[in-house]
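**Student:** Just so we're aligned, residue 4 is where the sequence shown starts under our numbering, counting upward by one.
Incorrect hints may have been included.
In silico DSS-like cross-links for lysine-lysine, where the CA-CA straight-line distance does not exceed 25 Å [what the hints assert, rightly or not]:
#	residue 1	residue 2
1	Lys62	Lys87
2	Lys62	Lys49
3	Lys87	Lys136
4	Lys69	Lys57
5	Lys57	Lys32
6	Lys50	Lys136
7	Lys57	Lys94
8	Lys68	Lys32
Just so you know, the hints here were simulated from the structure itself, not pulled from any lab data.
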Amino acid sequence: MRGFMIPLMALLVSACASSGPRVGVIQVKVVMDESPWALGQVEALKKEISSREKILDEKCVEPLKKVEARLQELLDRPDADEEKSSVIMTKRQMYDGCVVMRSQMQDEISRIRDKFISDLMTKISDGAGIVAKRRKLDLVLLHQQQGPVVWSGPRVDITGEVKKLMDTEP
């Protein structure tokens, strides 16, 4: 009887273990680092930021340097007080305009970045849904730096499948 109980217990334990919820985990960093779609989006975001910084340099930094150089020239001339005042006023106005322009550009970049994150999460979510249905998963978690998943084994990792779906869908 005792010889029969041990295999029966082992069978019950394995049956209970396999009947639990089925979970999948997506490694977000891997998606960001390896997905051609995500890499393309990150590159586009970098180009957008770079082009806006270039515009800011052209419209603000360079003209402000010229005004500052003119002001330095005038500081050496005691007879140019009226012109100094005018250049100082111009410099203040340019600086204020540049502050506003920088703020607007930062807002635009934030909107672009937020849209990228939203699109990324939508793509991951759509892919996760497809993979979850295929594998009959009950739950899919995102493994992020500050997320609730500390570790996951390869058996529950569905990152590769989701990444493949992200890169094949338009």
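**Student:** The structure should be examined with respect to each hint, and the outcome stated for every one.
**Tutor:** Hints, one by one, checked against the model:
At most 25 Å may separate the alpha-carbon atoms for a hinted pair to count; Lys62 and Lys87 meet this at roughly 22 Å. Among the hinted pairs, Lys62 with Lys49 is consistent with the structure: their alpha-carbon atoms are about 20 Å apart, no more than 25 Å. Annotation: proposed proximity of Lys87 to Lys136 is violated, straight-line Cα distance about 73 Å (limit 25 Å). Restraint check for Lys69 and Lys57: the C-alpha separation of about 17 Å stays at or below 25 Å, so the hint holds.
Taken as a hint, the Lys57 and Lys32 pair is broken in the structure, with Cα atoms around 30 Å apart against an allowance of 25 Å. A hinted pair counts as satisfied when its Cα atoms are at most 25 Å apart, and Lys50 with Lys136 does not qualify at roughly 37 Å. In summary, the hint linking Lys57 to Lys94 is supported, as the alpha carbons are separated by about 20 Å, within the 25 Å threshold. Restraint check for Lys68 and Lys32: the C-alpha separation of about 41 Å exceeds 25 Å, so the hint is violated.
Going through the hint list in order, the structure does not satisfy hints 3, 5, 6 and 8.
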